[in-house]
Structure formats: structure tokens, C-alpha cells
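Peer 1: Could you put together the complete structure from these sequences and hints?
Chains A and B, in that order, are what the protein sequence lines are. Residues in the first sequence are numbered consecutively from 1, following full-length UniProt numbering. Residues in the second sequence are numbered consecutively from 1, following full-length UniProt numbering.
Hints are computed from structural coordinates only; laboratory data are not their basis. Possibly wrong hints are sitting among the right ones.
FRET-style restraints, in silico, Cβ to Cβ [to be verified]:
hint, chain 1, residue 1, chain 2, residue 2, range
1, B, P203, A, G194, 45 to 55 Å
2, A, G194, B, R208, 44 to 54 Å
3, B, G84, A, L29, 27 to 37 Å
4, B, S197, A, G194, 52 to 62 Å
5, A, R202, B, G211, 50 to 60 Å
6, A, D127, B, D43, 28 to 38 Å
7, B, D222, A, E74, 33 to 43 Å
8, B, F42, A, N88, 15 to 25 Å
9, B, V76, A, L205, 37 to 47 Å
10, B, R140, A, L29, 26 to 36 Å
11, A, E77, B, Q101, 28 to 38 Å
12, B, Q101, A, R119, 19 to 29 Å
13, A, A193, B, P203, 49 to 59 Å
14, A, R140, B, I212, 25 to 35 Å
Yeah, the Cβ is synthetic: ideal placement off N, Cα and C, and Gly gets one too.
2 protein chains.
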Amino acid sequence: MWQLFQFPLCPFSRKVRLLLGEKGIGYDLVRENPWERRDEFFDLNPAGQTPVIVETEKALVLMDSGAICEYFEETVEKAPMINGTAPNRAEIRRLVAWCDQQFYGDVTAPLMFERMTKRLVHRSTPDARILREAMKNAHRHLDYLDYLLDHRTWLAGATLSLADLSAAAHLSVADYLGGIDFKGHEQARRWYAGLKSRPGFRPLLSERMEGIQPPAHYDKPDF
Amino acid sequence: MWQLFQFPLCPFSRKVRLLLGEKGIGYDLVRENPWERRDEFFDLNPAGQTPVIVETEKALVLMDSGAICEYFEETVEKAPMINGTAPNRAEIRRLVAWCDQQFYGDVTAPLMFERMTKRLVHRSTPDARILREAMKNAHRHLDYLDYLLDHRTWLAGATLSLADLSAAAHLSVADYLGGIDFKGHEQARRWYAGLKSRPGFRPLLSERMEGIQPPAHYDKPDF
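Peer 2: Rendered as C-alpha cells:
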């Protein structure tokens, strides 16, 4: 059995969990707060980041969400999520990188720092200017998703792919933290509603981070 | 013919160029300064980042260094750089991510900002405190390379892989900017000397960024 080291609002762990859900791979959750910098966790992953996934019977330790997703894509045939021709696969990976770098850096990361890390670790209040900037960035990035979905059923093309799972992972964390307003983003809203109702997404949406409540619409399939 | 949009000190473009060099794929260089934020470049890559590689005859535009490397790995058999069993491949990808995130964030990016961006864009002087911190981080990360090379011939195992090319890409940019001191890092020095003498690395080491001179040892195979 796989053990996944993660915390509820880690977008990179959510990406892996959505992939495992689509592929029907079971796993146990192990709670890990990377900001506590546990020595034992650094022994497991020198980068000190979640997710890490461990298969103790095979003595296998995988880390970095990209490497983990590629591993399951290569070893489990069911529900391929990096699929199609080489250019299609490049497009999927480009969009995954866009989510993990641009969307994360401009939206998810500042929201997590201001509304999660400051509360749990620094016991200080969020900076309203940074929150406003993150929400402005979210609108700009949702515009880009709208643009993609004007031409395509799913973000990278005609079929569901890791690009959708990655975008949904970041979007759901940003939404939990009150940073997402779908007004004026009908394509993105419809696409996200479709993802929210997938069986693999339901358990994630029902989890809560202690001390931080999501907005009322957060786990509703209709929002 | 491929056209690679890049600038001489872009570590992610260097990673791609080292891969293309190993695989013997020809390409023309197109100079792109992402900090100028050209509209035409944003039309090509909404993330606004180098590298972007274009094959005009096939109307193919690839971007994000990870997606580009995976594309050439999938389409060109020669000199496989993400090779071996699924766990081996996961280890290669984990180390590539470590270079592109940890080493880049702690060492390459602050050196580039302080010694390149400030000079070329802001016309201001580097912050000595930030430079010291980046060099301290470089020592810590070189310790990790030493540790890996204590057990392995190359960073991810018995054969040269994308992990080595990625680490060499970041290391070479940091070295150009005067941030690397190999004293006390004999394993890493020997490994890097071996990489420096590869044919694909020579042209990179001979290029210069206007207005910024590297230290004398920078392009020497013996250093």
C-alpha cells in the first residue's frame, strides 16, 4: 500500500491525489507539515517538500509531484493522463508547468502564505495588499483558462489530462482560501464544475485544514 | 531547423541546449530577453519565459524546459537521458526538479537578479547580504552533490542523465556570476570537470553576456 505524505492544502499533493483517484490507486494519507521541518522528513526528501509517496514493501520512495505523476503514468495503464502524440504530450506538460509555476507563484503561494502560514506559524494577520494582488492575478489566469476552453473541451485538448488535474488542484486550494471569484469566467466555471463532480475530487473537497474555514460554495458542485 | 529563443545566462535554456548537444540535434539561437516582455514573445509563450523552441516547417512551438526535454527524449532515440526502470526515471526527474527549484531558487535566481538583472535593467548595485546568502546556499547544495557522487558515478546513478545536465546548467550560470567555490567539494569538482569537457558544453562556455565578465576559471576544463 502506498503512503502519501501531505497536508490538506498542499496543491502539489492534490495534483497527485487527483491522478491516483483517476487511476483507481489506493493510498493512505500521512499528515506532514513541511513548515515544521522535521528531521525525519528531510531524511526522506532533502527538498523538504510534500508530496512524498512511499511503498514500504518495495522500499520505494518517490518525491516531487512531477516525478510522481510521470511514474504512475508509466507504470499504470488505466486512465492515461499524459496521452496522445508527442506534441500533445508537450502541451499537457507545458500547462502543468504553467499551473505549478505561474498560477502557483502568482495566486496559490501568496494566498497560502498570507491565509495559512501566517495563521498557523507566524500568528500574524494577512497583508491585504498582497491578497488583493493575488486575487487580481487569479482573474488574469482564469481569463487564460477561459481562452483555452473557448477552443478546447479540456485544457490541453479533447480529453481530460494532467493539465486539468493540476489546474484544479491549484484552483481548489486558492478557492478554499477565498481567492477565487468565477464571475465573468463562465467557461472556467463550467469546466471546474465538471471536475468537482468527479469521484476522485469529492474526498479532497470534504477535508478541512484546522482553524481555516473555506467559503460556503467551496465544496458545492453547483456554485 | 529548430530555433531556440534564449539568452546566454538562462539556466533552463542551457539545460535544453545540453540535451540537444548530447542528442546531436542542430538548432539556431534566437536572442530573447524575457525581462523586456515583448508582446510577440508573450504571444508565443503566455508564461513569458525562455526557453521556447520552434520548428517553423512543422508549425511546432514547444515551451517550458521540462516539456521540451521530455519531447526530445520521446522523439529522439539517440543518447537517452531519462533512462532505466521506472524508479530510476523517477530519481532522474526528482533531481531535475531539485535543480530547477531548490538550486535555482536558493542560488541561481538570486545571483541572476543581483548580478545580471540589477545591472542590465535596474542599473543598481547588488545587495552583498543576498549574494553572501546565495553563496552559502551553493556550498550546502554542493555538499548534497558530493553526497550523491560518493555513492554514484553520475548524479542519478551509473549513467549520465538529464539530472547531470540540469545541475551543470544551473552550476555554470552560478559560476559565471562568481557564486561558486569548489573548495572542499572534490567529488562535485571532478564530476563538473567531466561535464565541462563534453562537446555539447564547449559552445555554451565560450558565450558571454554583454557587460558581465565571468571569473577567469569559468571556461577552463581544469579549474
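Peer 1: Each hint needs a verdict: does it hold in this structure or not?
Peer 2: Hint by hint, here is what the structure shows:
Roughly 48 Å separates the CB atoms of B/P203 and A/G194, a value that falls within the hinted 45 to 55 Å. Between A/G194 and B/R208 the C-beta distance comes to about 51 Å, which sits within the given range of 44 to 54 Å. For the hinted restraint 27 to 37 Å between B/G84 and A/L29, the CB-CB distance of approximately 30 Å keeps it satisfied. Checking the proposed 52 to 62 Å range against B/S197 and A/G194 shows it holds: the Cβ atoms sit about 53 Å from each other.
In this structure, A/R202 and B/G211 meet the distance hint of 50 to 60 Å, their C-beta atoms being roughly 56 Å apart. A hinted range of 28 to 38 Å for the beta carbons of A/D127 and B/D43 is consistent with their spacing of about 33 Å. Our hint of 33 to 43 Å for B/D222 and A/E74 holds, since their Cβ atoms are close to 40 Å apart. Between B/F42 and A/N88 the beta carbon distance is about 23 Å. The supplied range of 15 to 25 Å therefore holds.
Checking the proposed 37 to 47 Å range against B/V76 and A/L205 shows it holds: the Cβ atoms sit about 42 Å from each other. Between B/R140 and A/L29 the CB atoms are about 31 Å apart, so this pair conforms to the stated range of 26 to 36 Å. Distance hint for A/E77 and B/Q101: a CB-CB separation of about 30 Å, consistent with the stated range 28 to 38 Å. At about 25 Å, the CB distance of B/Q101 to A/R119 agrees with the hint of 19 to 29 Å.
For the hinted restraint 49 to 59 Å between A/A193 and B/P203, the CB-CB distance of approximately 51 Å keeps it satisfied. With their beta carbons about 33 Å apart, A/R140 and B/I212 fall inside the hinted range of 25 to 35 Å.
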